[in-house]
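A.B. asks: FYI, the numbering for the sequence shown is 56 to 1282, going by the numbering used here.
No lab work stands behind these hints, which were simulated from the structure alone. All C-beta atoms in this analysis are idealised placements derived from N, C-alpha and C, irrespective of residue type, glycine included. Please note that the accuracy of each hint is not assured.
[Stated by the list, open to error] Computed cross-link-like contacts, BS3-like style, restricted to lysine-lysine with a CA-CA straight-line distance of at most 25 Å:
id, residue 1, residue 2
1, 1117, 701
2, 115, 295
3, 693, 644
4, 84, 489
5, 176, 119
6, 115, 729
7, 1113, 1061
8, 428, 512
9, 593, 606
10, 606, 693
11, 1026, 1006
12, 774, 729
[As the list claims (entries may be wrong)] Cβ-Cβ distance ranges computed for the label pairs, FRET-style:
id, residue 1, residue 2, range
13, 71, 347, 43 to 53 Å
14, 266, 463, 28 to 38 Å
15, 330, 292, 56 to 66 Å
16, 1087, 1250, 31 to 41 Å
17, 1056, 1266, 52 to 62 Å
18, 481, 57, 43 to 53 Å
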Amino acid sequence: MEGRQERLENMLNLLQMCEKALANYLETKRRAFPRFYFVSPSDLLDILSKGSNNPHAILKHLAKCFDNLHNLEFMPDVNYRRKESRASRRISMSQDTGGQEKKPEKKSSISEQPKEVGKTKIAIGMYSGEGEYVPWHDSFNCTGAVEVWLAGLLEAARNALRWLLKEAYAGYYEKSREKWIFDHCAQIVIVVTRIVYTQDVFQCFEQLEDGNETALKDFYKKCQEQLDELVKLILGELTKGDRKKIITLCTIDTHARDVVQKLIDEKVDAASAFQWQSQLRYSLDENTKLCKSNICDFEFHYAYEYVGNCGCLVITPLTDRCYITLTQAQRLVLGGAPAGPAGTGKTETVKDLGRAMGVMVFVFNCSDQLDYKSMGQMFKGLSQTGTWGCFDEFNRIPVEVLSVISTQLKMVLDALRARKERFVFEDDEIPLVKSTCTFVTMNPGYAGRTELPESVKALFRPVSMVVPDFHLIAEIMLLSEGFQTSKLLSRKFIILYSLCQDLLSKQHHYDWKLRAIKTTLNVAGGMKRDALNVTEDKVLLRALRDFNMGKLIYDDVEIFLGLLNDLFPKTLQLVPRVVDTRFEEDVKKATREQKLQPEAKFLLKVTQLRELLEVRWSVFILGSAGCGKSTVWKVLAKAQGLHGEKTVYRPINPKAVTRNELYGCLHPTTREWKEGLISTTFRDFAWYMHNVPHQWIVFDGDIDAEWIESMNTVMDDNKILTLASNERIPLTPTMRLLFEVYTMRQASPATVSRGGVIYLNKDDIGWEPFIETWIEKRGDKNEQGILLELFSRYMKKSLEHVIRAHKQVTHLTEINMVSTVCYIFESLLSKVGHVKYQLSSGTDNASKKLYELLFVFSCLWGLGGALLTDKTKDHRLEFSNWWKLEWRQIPFPDKGYVFDYYVNTETVEMAPWAEKVDRSAPLDDGLGNIFVPTVDTTRLMFLLNGLVDLKRPVMFVGNAGTGKTCMMRDKLRSLDPESMVFTSINLNYYTSADQLQKIMETPLEKKSGSRYGPTAGRRLIYFLDDLNMPAVDKYNTQPAIELVRQSIDYNGWFDKQKVVMKEILSTQYLACMNPTAGSFTINPRMQRHFATFAVQMPARDTLLSIFSAVVIAHFAQMDPDTMKLGPRVAAATVEIYEQVANTFLPTAIKFHYQFNLRDMANITQGVCRSMPEFYTTPVKISRLWIHECERVFADRMMVLADHGRFMEILSQIRKKHFEEVCVVVNT
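Make a model of the complete structure from these sequences and hints.
C.D. replies: What follows is the structure, encoded as structure tokens:
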């Protein structure tokens, strides 16, 4: 069509104008309510479109704009019920009068939003995320433009807290403290308590000046009495919110008591002493009656941001030092920069200080996705709101972005020093609130971190946070959880964790630091309240044992139990594990429903995972390939469903996509946001499926120090996913993160410390349950009995011998070898179905013998099919000799290997494979399509055919030129095109996951919804050649292979555009791999899916038979003299290959001296290009052979010496095989 391009360009220009107008519109709204800078554009549009007409519709967004204000309580509509009753009476009257009165039609409006039934727009109270309700003294009308009434709401909440603070302070002395606590919200209780404590200490100093030397000691006794009363309250019947409030108050009172003790010990007698001045002190301004806080010479007016009932950190000397440094940085108009190892409380200390001062702290998880434009938006928001920004893992931002950030931050700090009310930031004049401040936290030296430029360092005051006082933290936390003997128990606790760190093995997933201590103490507190009649040492022992046993490797279990016995003598046996009998039955039922075996260790791991998920929201399920990781969490999900707790999960392989596809990204020019898998999944779970009791996001893929570090704010106490678009998605109480991995070698300590771990040793479940399940599926009782006897007789001993004494061509797990045995046996049984019928009588000994022979054959190939044979050792021969000696009841001929024989089902005995070699294979299809059957190819093709019929993945592994691909393609060409179709994919170094997905989607068609499959109802086989060739990233992962593994494990992959899972039906995989090229091996979790067989270099006799058949078939059309040269040409080709391969070995310089079967094929192919009309004499054929040898071998020689040596070898072989032929060789 004419003019189409012009119209499209015009439409694009109009679209860009609309986008620019929208961006300008959103910017004006952000200026009106600056906290909109921390809301994503999509959420902001939702707020603006609904909030002005219906405040009830945007309540879910309040948590993104306020610290802990999650919901509002609205005044009920007193006229609603009256109107409703009148309407119902009118309807009943119209029905009585024959329906003459019509119901008034409701006016419709597109912009009108449905209003919550029976509620007005007048807010009378607020709710925190923990469910705490705070009533307001004055109501607030949520009407008008949404940005206007949200700004008014912020001030209304602050006014409410100001009024409540005055009221609570006035009533503090009117009743006992234990009763007064329950009359007010947690925030007000804590602030008033701190105000009163500060006043009491000042009074003590005044009394000291007046001569009362025991004033501080008397006050210390009072503090201890108050603390004892709180401990009693904790052990009583309390609501969850009240208990958390009292635990927080107990933590603060403990620190207050210790401060008084320190003042006594150091004989402080004046309020001006540094020991007192360095503490955070609260007071009420005499004129305004508003709260303010002081620390050293820094004064800060309490900001009255509602922080809810969120708890607080244990205050240690390290915390005090950090408070002083950060507040002094703010006084000097600088930022603060806590730095130190993972789990030392850097981010939480900044947040705790902000909450202590009533300031909202926005925590941002930094990554290399942040650019200077995103940071500019954050600084604009912080400057205009007066809030604090904490940039976690700040040194993960690229250096080039950090340089720009230093300029942006300096503009803000310069304006603060000049005490400006407005300043110019990035060409915009914006207001400035002086309470704003910026903090950054860093883990120096971890992977993925950079060194800060000097221009950035100059803007922050650093503080080192390295070694927290673990003993003090444990003591105070135990005391706040209600333990009376907290001092003794905390000492035992820390000694145990210190010994574990020193004496247990150094595993990447072990963490004995602050986060692990805190979680275990919380578990102990819950157990203490559930078992008040159990002594405290037994409660702590139970918590330490049950919470830590799940992550220990097998060798460390006995050491750990020994340490517990030493610290709690004669107690360990007296403390049984707490068992939920009803849930245990549900786990057993779920296990049986999934056709699995309810083994005791397996059930224990399922229960341990459930217990861990109750206290940790990030859990790593760790173990070697095939140890049952996926099965554990899937059975738990099923069991919770049977228990009445619905569980939904969404698996994601984070390494099968790029990080931008995983998290989403901003277009660098248009700033348009593109969704990612994690952002979409979090939003779906947080907003649309929040009523489900259990929501799991399963990250089934390798961990590295880049993608998982972007989830630090989700995995720690912040529980918020921060995206590059400034969107902040909370982790709801029902959401959990499961990381299924086989190693944590690439995880940084910051990642390890943030999650709990369930470790599955390879022997915890083992391979026996798999065999039991497989046998149960066979159905026939007689057959099951025979199979159990055969497995118990042969399997364990043979498997242990293979693992102990032999080396495989690529590493295979035990479960992989055992499953291969079962699948081979199953394929054999499917071909001898008559035997099962004869077994039913139980009298056919021949059938039993045949079963045993078939089983032995399956064991030989399942356990020994991947054994390595190289120049140094022939593991196949050693295994063959061992088998013949160990299992003499199965007679094998002395000649050859055990692999050289198959089971003849007619004679019920072992017969040589040579009998089954097809000698009638066509040799006239063109040399590239010729497939010459040999003993090696015949037996491998036999196994391949049987496993493909069972729809099992199969992999051939061998060096280049051994015929792997040739056999696979011969099998694929023989498939029935009516029922099967195949796609061959050659992988290489540059094959990415995205490219591979596009190739794999080519033969698929859409079936329904998100389901895809091959055309015409056929089955599709993907043949992946050179599977280990794709590039390995710096964290030792191949994304292309991870995509294939996701397809096998979860039957699909993600649509990159729609961000939904595509279900791929009716597919299976075949693969080939060269263990001496590419990455050498592949992910063990991928390898375990394949029945793997080694393809060895054919023996000399086999090579002669292959190439003789090809050459003789070609020479059949020539004259008789030339025909006689066929066997000699083949023999000469094999001999020159062997001598060249043994003489010219590869070195670092001559790395291309790699010779294999393809070189012989190239020589043979050149010779077979000869035409009868041109090559009429043996002399010409001989010359042609010499020419091809020179082109294949001599042209590869680097130096003249090698070339000369090769010509000598060629001359010797020429004389040996073509001596009677007159050949002139030009040397």
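A.B. asks: When the hints from earlier in the document are held up against this structure, which numbers fail?
C.D. replies: Hints 14, 15 are the ones this structure does not satisfy, whereas the remaining hints hold.
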